[in-house]
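Student: Residues per chain, in single letters:
2 protein chains.
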Amino acid sequence: MASGKIYGSGREARLAIRSGEHRGQTAGIAPGFVQGNLAILPKALADDFFRFCQFNPKPCPLIGASEPGDPRIPALAEDLDIRTDLPLYRVWRDGKLVEEVPDLKAVWRDDLVAFLIGCSFSFEEALVEDGIDLRHISAGTNVPMYRTNIDTVPAGPFHGPLVVSMRPLKPADAIRAVQITSRFPAVHGAPVHLGKPELLGIKDIAKPDYGDPVEVKADELPVFWACGVTPQSVIATVKPDFCITHAPGHMLVTDLKNSRLAIL
Amino acid sequence: MASGKIYGSGREARLAIRSGEHRGQTAGIAPGFVQGNLAILPKALADDFFRFCQFNPKPCPLIGASEPGDPRIPALAEDLDIRTDLPLYRVWRDGKLVEEVPDLKAVWRDDLVAFLIGCSFSFEEALVEDGIDLRHISAGTNVPMYRTNIDTVPAGPFHGPLVVSMRPLKPADAIRAVQITSRFPAVHGAPVHLGKPELLGIKDIAKPDYGDPVEVKADELPVFWACGVTPQSVIATVKPDFCITHAPGHMLVTDLKNSRLAIL
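So the sequences go chain by chain: A and B.
All residue numbers for the first sequence refer to our numbering, where the first residue is 6 and numbers rise by one.
All residue numbers for the second sequence refer to our numbering, where the first residue is 6 and numbers rise by one.
Possibly wrong hints are sitting among the right ones.
Since the list can't tell identical chains apart, any single copy or any two copies may satisfy a pair.
[To be verified] Derived DSSO-like pairs (lysine-lysine); straight-line CA-CA distance at most 30 Å: (1) 63 with 222; (2) 244 with 63; (3) 63 with 101; (4) 208 with 222; (5) 222 with 201; (6) 48 with 101; (7) 175 with 63; (8) 244 with 212; (9) 208 with 63; (10) 10 with 110.
Since the hints were derived computationally from the structure, they do not count as laboratory data.
Chain A with its partners taken away, still in its complex shape (with noise of 0.2 Å):
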């Protein structure tokens, strides 16, 4: 998915993408470094949305959050401006999508809180360097997700299902695929559940609700991960009367070290 030039940190990458030099998707640009899930709302939503995030941490882990009106979170990086360092922004008006914009100069508004939620870049990084094979990275596709049974815990507008991305592995790789992602609670964690689709009232494995569809090969198990879908669709059903997220794919990268998400 990495479309050309690696950078040897996220601030390289950030500088490249803020001056138009890295215009694509972000997965693998800068190995090593967190990436997070952009969504930002109006003060007047966020206070919900942040109880939203934090009773449901597993879909939506929050890494870092911005002040209202403040572009800048140096928690996740001391020269971050959200308004500039992704590569490319969704607009949404009354739940519709009104815009793709390559900066948000146009749109910033002093009311809007910017929210960083955590991504499975981080723990297929780990995967991957232990080296666990993940079928959509080595066809170079999208994960396939699936809306669940599920419900998140609801808070003030906020509610809908929890949405699960899927990777296909060998039994003995998914027992150490929950070994190495439960330590990674910022970025979803241990799986939410394997081997059994239809308890999660997935009708067909083959036709993910996003995302592009994986063979799950007979001697292998579909392993589910809680995804950062799940806000971006919550948000959906909202329909705020206005909204930004990344474009899918089009990610922020932080400057911290995915190793440091590592609890042990």
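Assemble the complex: chain A is given as a structure, and chain B must be docked to it using the hints.
Tutor: Chain B alone, transformed into the frame defined by chain A:
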């Protein structure tokens, strides 16, 4: 499986066994204390068996061993006498069971080496304390065990298939069980497999090779751990001219606390 009295420490349980007050199985008689599988071999075979345990730490996690001819293992319990402190022993000659005895006073020899191997009671206690239901415990039966198509790593004459125990668990409990048992490498550690018994060469999950069958419900996965019956099965294959084991379920109770085996 506990038959009557519960003792407050490993030492109290051993004294009751040594005096003949307790003669039955040991499951549950000293909650919180590590129990061990016993194998006693002549010195001529002991070095190879040491190596076998070293090469196969998941089925054969060695928690203690004696010097040749010495019935003490102070690392497991200060006052331990391996000849008197288990409720029931099996004496084998040329691979055949020749007698069950309540102590080893009449058969002890100066060339014997005692091996103690960690047992699943320790991790089962941690699972049950976490609120995970283990069906064979609820049913009061022995855990089902299966010979697999996975070979152990041979050492000298010792070789043979890995034996696994199986516990049916709901997927979320299976994930939690991987986390919990990973903390206990000295008592078999994380599962070796889950979900696909046929990949282990198990033809009929309802027909275990040892122990009693348990139902695997439609919303459960069979979860498999390396089993301490493996070394007994391997020793039976070698048919040493002389050998002693504990009688099934009649284990050594040590002074080690289960919680102290947790590496994290």
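Student: If you check each hint against the structure, which ones fail?
Tutor: none
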